[in-house]
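Keeping the supplied structure of chain A fixed, place chain S upon it in accordance with the hints.
Single-letter residue listing:
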Amino acid sequence: MASVHERTTQDFPAAAFPLLHKDQLRSNVRHATDVIQAKRFRVVSEMPDWQLLRDAGQRIRAHTFEYLDAYLEEFEQHCTAAGGYVHWARDGAEATRIVVQLAQNETSKVIKIKSMTTEEIGLNHALEAAGIQPIETDLAELIVQLGHDKPSHIVAPALHKNRHEVRELFARTLDLPDLGDRPEDLTEAARVYLRQQFLHTPVAISGANFLVAETGGVCIVESEGNGRMCLTLPRKLITIAGIDKVIPRFRDLEVLLQLLPRSATGERMNPYNSLWTGIHPGDGPQEFHVVLLDNRRTEVLRDPESRETLHCIRCGACQNACPVYRQTGGHAYSSVYAGPIGAILTPQLAMMQEGKSLPYASSLCGACYEVCPVKINIPEVLIHLRGRIVNEQSKLVRAFDPEAVAMRAMQWIFLSETRLRLAQWIGRMVQRPFLGRSGWIEKLPGILGGWTRTRDLRPLPAQSFRAWFKARGESSSEVL
Amino acid sequence: MQIALFITCYNDTLFPETGIAVVRVLERLGHTVVFPEAQTCCGQMHYNTGYQAEALPLVRRFVEIFRDHEVVCVPSSSCVAMMREHYEKIAIAAGDKQLQSEVLALLPRVYEFTELLAHRLGVEDVGATYPHRVTYHASCHSLRSLHVGDVPLRLLQKVRGIELLPLEGLEQCCGFGGTFAIKNADVSGAMLEEKLQCIQKTQAEICTACDNSCLMHLQGAMHRQSAQVNTVHIAQILASESLPSEERKGRS
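Residue numbers (our numbering), protein chains in the order written: chain A, 1 to 480; chain S, 1 to 252.
It should be emphasised that the hints constitute simulated quantities derived from the structure, not laboratory data.
No false leads were mixed into what you were given.
For lysine-lysine, the following DSS-like pairs were computed, each having C-alpha atoms within a straight-line distance of at most 27 Å:
| no. | chain 1 | residue 1 | chain 2 | residue 2 |
| --- | --- | --- | --- | --- |
| 1 | A | K39 | A | K375 |
| 2 | S | K183 | A | K443 |
| 3 | S | K158 | S | K201 |
| 4 | A | K356 | A | K150 |
| 5 | S | K183 | A | K356 |
| 6 | A | K22 | A | K356 |
| 7 | A | K356 | S | K89 |
| 8 | A | K39 | S | K201 |
| 9 | S | K183 | A | K150 |
| 10 | A | K375 | S | K89 |
| 11 | A | K150 | A | K109 |
| 12 | S | K183 | S | K89 |
| 13 | A | K395 | S | K183 |
| 14 | A | K22 | S | K183 |
| 15 | S | K201 | A | K22 |
| 16 | A | K22 | A | K150 |
| 17 | A | K356 | A | K375 |
| 18 | A | K236 | A | K109 |
These stretches of chain S come out as covered by chain A in the derived footprint (C-beta under 8 Å, 3 or more residues):
| no. | region |
| --- | --- |
| 19 | 6-14 |
| 20 | 43-52 |
| 21 | 176-182 |
| 22 | 187-194 |
Not everything, but these chain A residues come out facing chain S in the computed CB check (under 10 Å):
| no. | residue |
| --- | --- |
| 23 | P323 |
| 24 | P379 |
| 25 | R386 |
| 26 | V390 |
| 27 | R455 |
| 28 | L460 |
| 29 | A467 |
Note that the Cβ used here is the ideal one computed from N, Cα and C, for glycine as well.
Chain A with its partners taken away, still in its complex shape (with noise of 0.2 Å):
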């Protein structure tokens, strides 16, 4: 079965390393990344109600997992009576199980709309295997999928690539050797490679922004339009959605799509914004289901102090406001879910047993919890994960990891005054065959040692504060 996390690639410190060194990436994301950023923050500003609409949408997204169960069987309830099929998979073996099985009947090719739980659980590699090729029909996903790449973003996947990038592959895949590289040249490429794909695929995949409990509806925002086509013109259409996509009622649309589209594009509302429910004889697709997808979410929703991860709505605004991916991308975070979102998402997707170096990918800035828009405090459940990877260490790593040791060492220090000015009197001895020329820390040995690679540190001074401040209290004079 495929996983969230890929079990073969380096942890982050070490996926992350490559990846600082190449600057035409680097300069791609930071590029998109202010763009997106000042989109937002307009849109954002101009809202006076913004932090009244964030209370309301972390009110939502809290009461319906509070209920989960109940609105899942609601929501299949009313799918059901409009005509549309639910199916239930436990995990991404069964979810794509069910997919081929539903499409392998009818067609060789499938179109796809850009869904990133479809990217979780491996569909495409699964379709393939079936014999059954997918189309990816969102510009993102396609310049991925033209180029065998991974995404990098969870709203703008290609993000990581220049128009000039694009441009090569679109001339190299497509076979238009004199394509130019204007932002209309390249959409207008992509628009006759698609229009032939959705005039002749009868199914098409899509994921979901929202599962409507109270109606059994479906909706999905875009900016393209190739959404659109993909849910009206084929015969077929299968929905894949993990089933924290679930919302109680079609009011809930109300708060959440002015959320959506301001954290994640910068827009007011996306361009298209669609819904639908069940079957409507005579128009769109006559056949019509809905998968869903757990794959460990009801494990994630166990754990009270990290379920609110569950709460995301995939705008991907924390991905570019944390000035970790800034640095590095999507790819450093080898998941489908790149940055804080997916520092906290993935490893507890993969029950704490990968991704496990993720939780440690933050400074624990805070930019992520500002500008959430259901207010899931990224930093929090950061530390909170991190506690259970430590809670969880063996006895092995306990005695002999230099970093738990030192951990240990160093509360032993701080529970004694004495013991503290002992180890700072230990310490200026210590780091004298440390000091530089300049009298400086220039080159620390083992886990210590990251720091000196780029930075210098500056020595232990001579008397600690509180040595001063004993000295002031025992001599008249103060002394400096």
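The following block gives chain S in isolation, referenced to the frame of chain A:
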């Protein structure tokens, strides 16, 4: 007023001049500073790195030492953020109702240094003189946890002779993040480099902040690159009267 100083472990060990400056400013304003000698560390490093069980005794220790003081001054916003964001949670997780109520009683009396001046003591002009080009870096915890807003800048604006230069990307993290700087040294270094470039663009002689942790990080790169800019904690600028050069320590 009698003010208890929690100097914090790293200021005590690495930046005594910051503590000395805090004492000078507060005494100049007519207050008495006491230093409970048993104090050590707030537990932030342990807690944020995931060693939450190890942080608990340090939390107890802090509360025990400071619970009877009227006002506690801390020249580090990240340590104050640790207390405000996590102390109660830690007490609840430990099932210790008494600790929880002591935390709740103590925390409203704990102030970050610039908060103390502006919010508790109601002072903006502390009578400082500092004839230098200075840029202010808003540390993440002061900005997003304590919400100090423009308090530090208002204090700096009242300093005689100072030339304040605006910093591009003011609200972006410098890349320190405690153990992050070591565990993710390369990414942290890249963040630091971007911040340093913004600082250098201002042409400031001095970069200041409410947190020596960020400043230690910035200073480390400045020293490595022999940059023509240094760091000074805001307390040292506010303490400075006529001979600012004496306050500028740490550069060889």
